[in-house]
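Asker: Each chain, written out:
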Amino acid sequence: MIALDCGNDFATWREQARTLLSHNIDPCDVVWAQGLMHDLLALPTPLPTGRGSFRARIPAALLGQLEQAGRYRGDQRWSLLYEVLWRVAHGDRTAMLAGDRLGSELQRRIKQVSREAHHLHAFVRFVPLPPQLAEHLQLDLVAFHEPAHDILHSASEHFAERLGRQRWLIATPEDGIRYDGNALDYRKQCPEQWQQWAQQADDPDGELWPTYYRHTFNPARVNPGALAQHMPGRFWRHLPEGALIGQLVGQAQRGKQRDGQAAEVASQGGKRIVPRGQSGPL
Amino acid sequence: MQLIAKLGILADAAKYDASCASSGAPKRSSKGRDGLGATNGMGICHSYTPDGRCVSLLKVLLTNFCLYDCQYCVNRRTSNVPRARFTPEEVVRLTLDFYRRNCISGLFLSSGIIRSADYTMEQLIRVARLLREEHEFRGYIHLKTIPDADPLLIEEAGRLADRLSVNIELPTDESLQLLAPEKKASTIRLAMGTIHQGQLAVAGERNAPRFTPAGQSTQLIVGADSTDDHTILGNAQALYQGYALKRVYYSAFSPIPDSPSSVPLAAPPLLREHRLYQADFLMRGYGYSAGELLREAGNLALDIDPKLAWALANREVFPLDVNRAEPALLARIPGIGLRSVQRLVALRRERRIRYDDLVQLRCVLDKARPFIVTSDYRPPEAEVRSGLLRARLREPQAPQQMGLWA
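Going down the list, the sequences are from chains A and B.
Note that the first sequence covers residues 1 to 282 in the numbering used here.
Note that the second sequence covers residues 1001 to 1406 in the numbering used here.
Just so you know, the hints here were simulated from the structure itself, not pulled from any lab data.
A few of these clues could be false.
Here are the simulated DSS-like pairs of lysine-lysine, each with C-alpha atoms no more than 25 Å apart in a straight line [to be verified]: (1) Lys-1183/B with Lys-271/A; (2) Lys-1027/B with Lys-1246/B; (3) Lys-1246/B with Lys-1184/B; (4) Lys-1246/B with Lys-1183/B; (5) Lys-188/A with Lys-1183/B; (6) Lys-188/A with Lys-111/A; (7) Lys-1027/B with Lys-111/A.
Let the hints inform the model, and build the full structure from the sequences given.
Answerer: Here it is in C-alpha cells:
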C-alpha cells in the first residue's frame, strides 16, 4: 500500500498521480490521507521515483473535471479521482460520465462544488467599513463566509469584477482572500486578524436591507420549504436577514396569509387619491 | 419621511410583480475600473424570502401615488394604503449600497402613474441615467415601461436598461375594460412593438449601442378574472412569437388589503400558477405548442404535470427506445429532463443504455417507467390504460376546504 499526502493541493496530487499512473499502479494499492496514517493494516511503501513506462492518453476535458472535483471536501477526496483517472487512461471513458457509478459520483462532486461557488457569489454579505477605518486598514468591505468546499480561491475573482476599485476581504474558518484593488491575496490559513475584522465590523446602515427583505416578502404566498431548498439553513447565521426568517414564517402562518401586506404598512394611515379636476369622495 | 420608512412602503407596494430575473445581460466587468457592477449572463439569487421566491434585484416603486384605478392593484387611487415617493437620488443610493453589500445584482424599478405617462417614464429614465452615467453602474437594470409613454422615451429607456417590461396584467381585452379601465390592450401592444422594433434595429449590428440586451418580458395575473389557462397559454405563445418576448410571468392573484368586491378575496392559486410555469417552460425549452398542451378550453390539470398529461394523451408515441429515439423525442418522456437527455446521448455513444443508468442519472423513474424501453427493460405497463396510469401517478392534492355556503 502506498500512502500519500498531497496537502489538499491539486498540483501536488497531479504530480503524484502522474507518477503512479506511469508505473501502472492499481487504485486499490494507493491511498491519500491528511497527516499521519492511522490505518494499521497499511504498511506504507514509498512512491516510486521517476517516470514509469506506461504512457496514458486522456481526454483534455478530464483534467479540468478532476481539478473541479478535487475541491470537494469529503471521504476518498483524492483516491476517487485517481480511480477515475486510472479507468479512463485504460480506455474506459464511462468512468467520467454520469451514467456510470463512479462517473456519477465524480459528476455529483463537480456539481456540489460549482453549487458551492454559486452559494459564495449569492450569499456573501459585505459590511462597508467607516471611512476612517477603511483608510487605516486600506480596506472598504469585509465579509465572513463558511463554504462547505474549497472554492474560495477559484471563485473569488467574481467579486473583483463586480466591485471595481473597492478593496475587500472574505474570511472563512479555514482560508481567506483579500483584494487591494489590483491583485488577489489568497491565504490557505486565514490570518486571525482578518477573521476579527470580518466578524466584528460595525454596521450603522445595516437595518436597510432587513427592512427591504421584510417588505418584499408576500405572506399570502408563504412556502418555507422552497426557501430552505434554495438557501440552506447553514448560511442563515451569516446573513443579516437570517434572523427574520423564522419570525416572518410564524407571523404568516398565524393568519397574515389573508393578504400580502406587511403589518408595519397596514398599521399606517392610508391615503386615497383624487385626480385633478375631480372633487369629493370617489 | 425617512428613507427607511419609504423603503418599507415602496417595497411592499412592488412585491406583486413576479419577475426578479437578473440573467441574460451581456458580459460587463468593473475590474480595475471606476464604478461598480458586473454582469455575465447568469442571474444570481442573493436571497430567498419565506414565500420561496428569489431576491435578485432591488424591486421597488419610485412612487405608489397613482392616478389609475386598476381593481387588482394595491396602489390603485381608491386604495387606502400609505403613500410615499423616492427621489431618484434615493433609489440610486439604495441600489449602490445594496449592491456593494452583495445583497442584489441590480435594480427593478417601476412606478405608479403620476401627472402623466410621459412624466412618469422620464423619472424612471432619470434613475437609470444617474446610475449608468454618473456612477458608472454596470449591474443589471430592469425598467417597467409605462405603455402610454412617448415611443422616444421608451427607446431611451431601452438603451439604458438590460430589460424592459410592459405588463399585460389581464389576459383579455374584456377583463381589462372591466378591471383596469384606464389601460388599453392596444397601447400595451404598441409599447411592446416599440421595444421589439428597437431590438430588431440593432440585431446583427455589432457596433450599434445595446438595446435591452436581456430582452423584454411581461406579466399576466392569474385568477383575478375568469380567463382559463387555454386562453392564457395561447396569449403567451402569441407574445413569444409576435414580440420575441424573453419571458411571460404568471402571477397568482394575491388578495390585497382594502380589496374591492370586483376581485376575489381568496388564497392565491399557487398550484395553478406552478402548472402554467411548467407549461410555459415546455413551450420555450422543449418545443411543445400551446395547442398540444391544452387542446380545448379549460385549465391545465392540477394533479399531474403538463408533460405527463401530454404523454398520457399521446400513448401511441410510447414506449420510446432510449437507445434509438431522437433527442427531441427523448425530452418528451415524463421524468427525463433536458440535462438527462444530453447525458443519455453522450452515454449511448459509448455503450448501450441500461435501466440502472437511468437510476444513476437520477431520472424520475416512477414517471418514466411506463414510457421507456432500454436494453434490459420493457414496460409491463405499456398496455395499461392511461386513466389507470394517471390514477397511479397523480400527485396527492391538499384537501379542498368546503366553502361555508357551498
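Asker: If you check each hint against the structure, which ones fail?
Answerer: 5
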